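Colleague: The residues making up each chain are set out below.
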Amino acid sequence: MADDARAPLTILWFAWLRERTGTAEERLSPPADVATVGALVDWLTASSPRRAAALQTRNTVRCAVNQDFAGPDTPIRPGDEVAFFPPVTGG
Amino acid sequence: MADDARAPLTILWFAWLRERTGTAEERLSPPADVATVGALVDWLTASSPRRAAALQTRNTVRCAVNQDFAGPDTPIRPGDEVAFFPPVTGG
Amino acid sequence: MATVRVQTQDFDVGAEYRALTEGHSDIGGIGCFIGTVRANAVGPQLTALTLEHYPGMTERAISAIVTEAERRWTLLGCTVIHRVGSMRPGENIVLVLAASPHRQAALDATAFLIDWLKTKAPFWKQEAFADGTATWVDAREADDAAAARWQNS
Amino acid sequence: MATVRVQTQDFDVGAEYRALTEGHSDIGGIGCFIGTVRANAVGPQLTALTLEHYPGMTERAISAIVTEAERRWTLLGCTVIHRVGSMRPGENIVLVLAASPHRQAALDATAFLIDWLKTKAPFWKQEAFADGTATWVDAREADDAAAARWQNS
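Chains as they are written, first to last, in numbering that gives the first Met the number 0: chain S, 0 to 90; chain W, 0 to 90; chain R, 0 to 152; chain F, 0 to 152.
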């Protein structure tokens, strides 16, 4: 989203993922080789036990990058807003 | 509907059938051998040019006997209420 | 449990929704359909739609359709109101409401009720136009097909 | 043309119906669905349902679903209102209204909108019970199947 190569990612956590991380929003700057959602999940999992707990059942964790649904191969760039959440249950 | 063997039929006409017969309701006593809807349609058709005009496109004429949808073989008894109308177009 | 009315006056969608649902916490979804008088795009302008019906048989036929819907789906209530008489373009003609514990049942019952109302209840529409002509509306094959979808279920 | 709102307060079905249809004589049918908080039949009593969402993405996702409905059916207007925050059993959660010249399009668009809302918009439900426990509602496979019906059309 931002052009600044050093801009941090905004990471958002929703529903029970938020309860597990203990935070709704954080700003993080992973290394430059974390360039996809899949790589970001690996890095977040290794970064803290609470984030690992939120992300441990990967099949049921959904992701959006800049407010669009994303998959493991979706690219991540500095400044992006990346949200993790369970399957949606509205309506 | 009635037990009286000589009770007339109540014949009802709706929509464009009513416009062709010029009447919404009439009481008629066909001969005893007019015992089905099909026989009644034949008898009505022969009984007057206006009724014949109402019933001439038999494929598009619908019938109800005592307020239930009926077919050509549905029995007719003295005192019955028999209605003729076009295919329904409500809703 | 079901409300069935045939009336000349308009209905109030919000009031009917409240009457159906108020005090019920066992409902999960309510389906609804409202049919309205649509102005025509070509030809002389439609000035009025007149609905004729067969008093007595109409209520009987609608009640039978509602009973069939209640047999097919778990309904916690439903409402069918059909107007008769003369209506102008834009006016309401018919209201169907179906409340169920489950969304799919509410949606299916609503579609079923309006599909069968169109093909199995004794109403006839006549259109009056600005040039003074009036014509009876023909039954549509698409309506028969829509109603037939439900025959085998 | 479309009205999309995410709000904490309740909505008024009758007022939304009027806002969608008033002054429109080109509409032939309006489909509607209302989802409500259903009390549970077994276990500790449900005391509240809380809807969490992803502000910003929610409106974006609903607008995309509405745009897809408008691409698939001739719609003369539609309304999607989804509540967030805490609601008690019996309260309204979501309203979908779809107006079309034709009945089948109105009914299909209504079912499509609620099916996709349930599976493609970022809302999460948490149930709170009388015994003090609270659980996040699991996504239902039936909802995915209902949404998938529309994938190939």
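If you are wondering where the hints come from, they were derived from the structure by calculation, not from laboratory data. From a predicted model like this one, the values you see are computed outputs, not experimental measurements. Just so you know, even glycine gets a beta-carbon here, dropped at the ideal spot from N, CA and C. Accuracy of the hints is not assured; some may be wrong.
[What the hints assert, rightly or not] Estimated spans, in silico, between C-beta atoms of each pair:
#	chain 1	residue 1	chain 2	residue 2	range
1	S	P74	F	R17	40 to 48 angstroms
2	F	R70	R	Q44	47 to 55 angstroms
3	R	M0	F	R17	21 to 29 angstroms
4	F	W149	R	R139	20 to 28 angstroms
5	W	T9	F	A147	51 to 59 angstroms
6	F	A144	R	E69	37 to 45 angstroms
7	W	T44	F	D143	52 to 60 angstroms
8	R	A63	F	W149	27 to 35 angstroms
Colleague: Does each hint hold? Answer for all of them.
Modeller: Now the hints, each set against the structure:
{"no.": "1", "hint": "P74/S - R17/F: 40 to 48 angstroms", "result": "47 angstroms, holds"}
{"no.": "2", "hint": "R70/F - Q44/R: 47 to 55 angstroms", "result": "31 angstroms, violated"}
{"no.": "3", "hint": "M0/R - R17/F: 21 to 29 angstroms", "result": "28 angstroms, holds"}
{"no.": "4", "hint": "W149/F - R139/R: 20 to 28 angstroms", "result": "25 angstroms, holds"}
{"no.": "5", "hint": "T9/W - A147/F: 51 to 59 angstroms", "result": "54 angstroms, holds"}
{"no.": "6", "hint": "A144/F - E69/R: 37 to 45 angstroms", "result": "25 angstroms, violated"}
{"no.": "7", "hint": "T44/W - D143/F: 52 to 60 angstroms", "result": "59 angstroms, holds"}
{"no.": "8", "hint": "A63/R - W149/F: 27 to 35 angstroms", "result": "32 angstroms, holds"}
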